[in-house]
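With chain A held as given, fit chain B onto it using these hints.
If you read the protein sequences in the order shown, they are chains A and B. Under my numbering, the first sequence has 34 at position 34, and the numbering climbs by one with no breaks. So my numbering is basically just the index in the second sequence, starting at one, shifted up by 1000.
A hint or two may mislead.
[To be verified] Using 25 Å as the maximum straight-line C-alpha spacing, the simulated SDA-like pairs for lysine to any residue come out as follows:
| # | chain 1 | residue 1 | chain 2 | residue 2 |
| --- | --- | --- | --- | --- |
| 1 | A | K315 | B | V1135 |
| 2 | B | K1179 | B | L1055 |
| 3 | A | K315 | B | K1179 |
| 4 | B | K1179 | B | S1051 |
| 5 | B | K1057 | B | F1172 |
| 6 | A | K315 | B | V1200 |
| 7 | A | K315 | B | R1136 |
| 8 | B | K1179 | B | S1169 |
| 9 | A | K315 | B | H1229 |
| 10 | A | K315 | B | E1222 |
| 11 | A | K315 | A | G12 |
| 12 | A | K144 | A | S204 |
| 13 | A | K315 | B | L1139 |
| 14 | A | K315 | B | G1138 |
| 15 | A | K315 | B | I1133 |
| 16 | A | K150 | A | V169 |
| 17 | A | K315 | B | L1180 |
| 18 | A | K144 | B | F1316 |
| 19 | B | K1057 | B | V1135 |
| 20 | A | K144 | A | L99 |
[To be verified] Non-contacting residues of chain B with respect to chain A, defined by C-beta distances greater than 10 Å in every case (computed):
| # | residue |
| --- | --- |
| 21 | T1024 |
| 22 | F1132 |
| 23 | S1150 |
The set of hints was computed from the structure by calculation and includes no laboratory data. In this text, all values refer to a predicted model and were calculated from it rather than measured experimentally. Cβ atoms here follow ideal geometry from the backbone N, Cα and C, with glycine treated the same way.
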Amino acid sequence: MSRRFWETDWFGPLMVVVVAVAVVSILNPSFLSPFNIQVLLLAIAVNAMIAFSQMIIIAIGQMNLSVGAIGGLSAIAFAGMMEVWGIPWPIAAILALALGVLAGVANGVLVALTGISAFVITLASLSVYKGVNLGITEAQPFYKIPDVVKGLGNDTFLHPLPWLIIPCVLAALLLWYLLNRLPLGRSILAVGGNEHAAELSGISVRRVVIVAHAISGLLAASAGIMLVGRLQLGQPTIGDDWLILSFAAPVIGGAILSGGHVSVAGTLLGVAIVAIFTQVLVLFNIDPFLVQVVLGVLILWAVGVNRFREVRALKHSAQVAS
Amino acid sequence: MSGTGKEQSVGIPPAEQASGARLTTLRILLSNEFGLLVLIVLFAIIFSTISPAFLSKFSLYALGRTSAVNIMIGFSMMVVIITGGLNLSVGSIGVCAAMFGGLLMQAFAMPWPLAVCGGLAMGAALGALNGFIIVRSGLHSFIITLATMSIFFGVMIFLTRAESYRDISPAFTSFGRMKLAGIISPLLLVSVVAGILLSVLFRYTALGREMLATGANERAAELSGIRVHRIITYCHLLSGVLAGVAGLMLVSRTGAAIPSMAGQLGQDWLLPAFLGPVLGGTLLTGGRVSVLGTFLGSFLVTMLTTGLLLMQVGAFWMQTYLGLLLLAAVLIDMVRRSYLTRRKLI
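Only chain A is shown next, with the shape it has when bound in the complex (with noise of 0.2 Å):
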C-alpha cells in the first residue's frame, strides 16, 4: 500500500524541523554555525540511541521504563572495566554492549514468560539495575576515561560531522530495514498490532518479545558507552532522564503506544525536534528548566496529532468501504 508522502509519518515532522530551523536561523544566524551544528549533532546522536532503544519496544506494544537503567549500567561498567581492569576500551566496550544484551534479554524473558505486564516487570528491573550501578559505583563516577573516547565523544572526522553521528546512522538504517525488509522485524510489528492473531498464524511470540527486548538493551548500553565519551566521565547518573525523552521522539515520529506501528524517520526527526528545542531555550536565554515542560507539552501535542490521524483514517476507510 502506498501512501502520498505527505500522509506518511515522517512528512509532519519534517515540517516542523525544517520551519523551526527556518525561523530559528534569521533571528539568530549563529544556530547556523558549525560549532552550533556538531552541538546539534551530538545531542541528536546519543538521544536518538536512547529513542530507538524505547522504539523497539513500542513496537511490539510494551513500553521499557528500564531503558535509562541499562544505559547508566552499561555505562558505568563500560568505564569502570576501563579503570579498574584495565582493559582495552574496545574490548570494554563490547563487553558493557554485552551487558546491556543481557539486561534486555532479563527484562524480555520475564515479560514472556510470565505474562505479567512490561511496565511492572521493567519498573521493578528499572530498580535492580539502578541499584546495582550504585552499589558499585557508590555514586561516585569513574574519572580515568582513555583519551581516544574521550576523542571519539566529542571530535568530528568531517567537520562539523561527529564521530557519534556513524553508529547513530548505522543503527538508525539498520532497524530501518529489520522493521521494513527482515521477516523478524515484520513479526516484532505483527506482534505488536495484534498479539493473538501473530500467535495463530505461526509467530512465536515469546521469541519475538525477548528478542525485541535485547534489541532494547542493546541500544540503551550504546547510547550510555557514547555519553561515556561525551562526557568524558563515566557518571552513575547517565540515564536517570532519559525516560521522558524516550517517549517523546518515538511518539512525535508517529508511532502508535499499542503498538504496530512505529517510524524510524520519524523518531529520528522526533530527536531532532527535541533537540533543537532546547537549543533555543539556550541560543534565547531562555530558563533551561523549561526543558521539561517542553518536552511534556511535546509528547501531548504529539499524542493528539497520532490520534487525530488515526481517527481520520478510521473515517476514511469506513467511507471507502461504504
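Structure of chain B alone, referenced to chain A:
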C-alpha cells in the same frame, strides 16, 4: 472473581458455593493480607534478633513516620490503578502540592491549616487536570501522566527557581515531629484515617462502587448508567489529593518544602507507589482494590528498607532489593492465583 479476605470486587459471584469452614479458612490463609501480616511479623522477629536497636522506641517511631508517607503514596497510586490506569505523575503532583503549601506559609504567611488546604487544592487541581486530559483525549493514562509529570515538575522548578521554602510554620513542623505515647507519629494516624475513609468509600458508597465498576469493565459500567468519564476524573482528582497529603507530610517531617524531595521529576516515588498496591493485591487491570493490603504492603516495604539499613547491608544496594521484592511479589502473586484457580477457590 469473588473477593478474598478484605478485598472487595465487582463481578460475578462464584458459580459454586465453596462449602465448609475449612475452605474459608484456607482462603483467608492464602489471602494477600494474611500473607503480608505473616511476612511483617516474620521480618520483625528476624530484624529484632539480629539488631536489638530495631525495637528501640526511636526506631519504631521513625518506622511509623516513614511508612505513613509511603502508605499515602501507595494510596495515591491505588485509587488510579482501580480504574485500570496509572498515574506516573504522583511524585510530581506531591512535590507541587508541597511547594505550593510551603509558598503559602512562607511568602503569604498563611496559618498552616489554610496553607495545607491550599496545597491539597493544588494536588486536586493537578490530578483533575490529568483526569480531564485523559477522558477528553481517550488516550491511555500512561502517556498522558508521563507528559504531565514532566510539565508539572518543569513549571514548578521554573517558578520556584529550584529553591526550597524553609520558613515553615513551627506548629506544622511540630505536628510532624510529635510523639504520641512515645512511639506513635501523628502522621501514621493520618494514614490510618485516610485508609479507613478509603475503605468506607469503596465498600459502602455508590461513588466507590462506581469507581470499581468502571475499572472492572468500563463499557459495561457505561451501559449500566455510570458516567465513566466523570468517575475516572474523580479518581485522578483523589489521587492528586492523596499525593498532596504525602507531599505535605514530608514537609511537616523535614520542616522544609524542597523541590528535590521526590527526586528528578518525582520519579523516586514511582517504586513505593506501585510496591504497596501490587504487594497488597490490587489488580493492575483494575476493578479490584484492597485498602488494607496496600496499607500492609507499604508498611512491609518501609520495614524492610529500615531493617536492611539498620543491618548495614549497604544503602547503595537498597534499590536493587526493592526491585527484586517487586519482582518476587508479582511472581508469588501469579503462582498464588493459579493455585487458587486450580483448586477452584476463586
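Going through the hints against the structure:
Between K315(A) and V1135(B) the alpha-carbon distance is near 21 Å, which keeps this suggested pair within the 25 Å criterion. Of the pairs offered as hints, the one joining K1179(B) and L1055(B) holds, with about 16 Å between alpha carbons and a cut-off of 25 Å not exceeded. Restraint check: the Cα-Cα separation between K315(A) and K1179(B) comes to about 63 Å, which exceeds 25 Å; the hinted pair is violated. A hinted pair counts as satisfied when its Cα atoms are at most 25 Å apart, and K1179(B) with S1051(B) qualifies at roughly 23 Å.
Between K1057(B) and F1172(B) the CA atoms are separated by roughly 23 Å; this keeps the pair inside 25 Å, and the hint holds. The hinted pair formed by K315(A) and V1200(B) fails the criterion: a straight-line CA distance of about 45 Å is larger than 25 Å. Straight-line distance between C-alpha atoms of K315(A) and R1136(B) comes to about 19 Å, which keeps the hinted pair within the 25 Å bound. For the hint pairing K1179(B) with S1169(B), the CA-to-CA distance comes to about 18 Å; that is within 25 Å, so the pair holds.
For a cut-off of 25 Å, the pair hint linking K315(A) to H1229(B) stands: about 23 Å separates their Cα positions. Taken as a hint, the K315(A) and E1222(B) pair is honoured in the structure, with Cα atoms around 24 Å apart against an allowance of 25 Å. Straight-line distance between C-alpha atoms of K315(A) and G12(A) comes to about 20 Å, which keeps the hinted pair within the 25 Å bound. Distance restraint check for K144(A) and S204(A): the Cα-Cα separation of roughly 45 Å exceeds the 25 Å cut-off, and the hinted pair is therefore not satisfied.
As the CA atoms of K315(A) and L1139(B) are separated by approximately 18 Å, the hinted pair is consistent with the 25 Å bound. Of the pairs offered as hints, the one joining K315(A) and G1138(B) holds, with about 17 Å between alpha carbons and a cut-off of 25 Å not exceeded. Under the criterion of a C-alpha separation no larger than 25 Å, the hint pairing K315(A) with I1133(B) is consistent with the structure, at around 23 Å. About 20 Å separates the Cα atoms of K150(A) and V169(A), which keeps this hinted pair within 25 Å; it holds.
The hinted pair formed by K315(A) and L1180(B) fails the criterion: a straight-line CA distance of about 64 Å is larger than 25 Å. Under the criterion of a C-alpha separation no larger than 25 Å, the hint pairing K144(A) with F1316(B) is consistent with the structure, at around 22 Å. For a cut-off of 25 Å, the pair hint linking K1057(B) to V1135(B) is broken: about 48 Å separates their Cα positions. The straight-line distance between the Cα atoms of K144(A) and L99(A) is roughly 21 Å, inside the 25 Å bound, and the hint therefore holds.
Every Cβ of chain A is farther than 10 Å from the Cβ of T1024(B); the closest lies at roughly 29 Å, confirming the non-interface assignment. Here F1132(B) stays apart from chain A, with its beta-carbon at least about 12 Å from theirs, past the 10 Å limit. Not every CB of chain A is more than 10 Å from the CB of S1150(B) (nearest about 4 Å), against its label as outside the interface.
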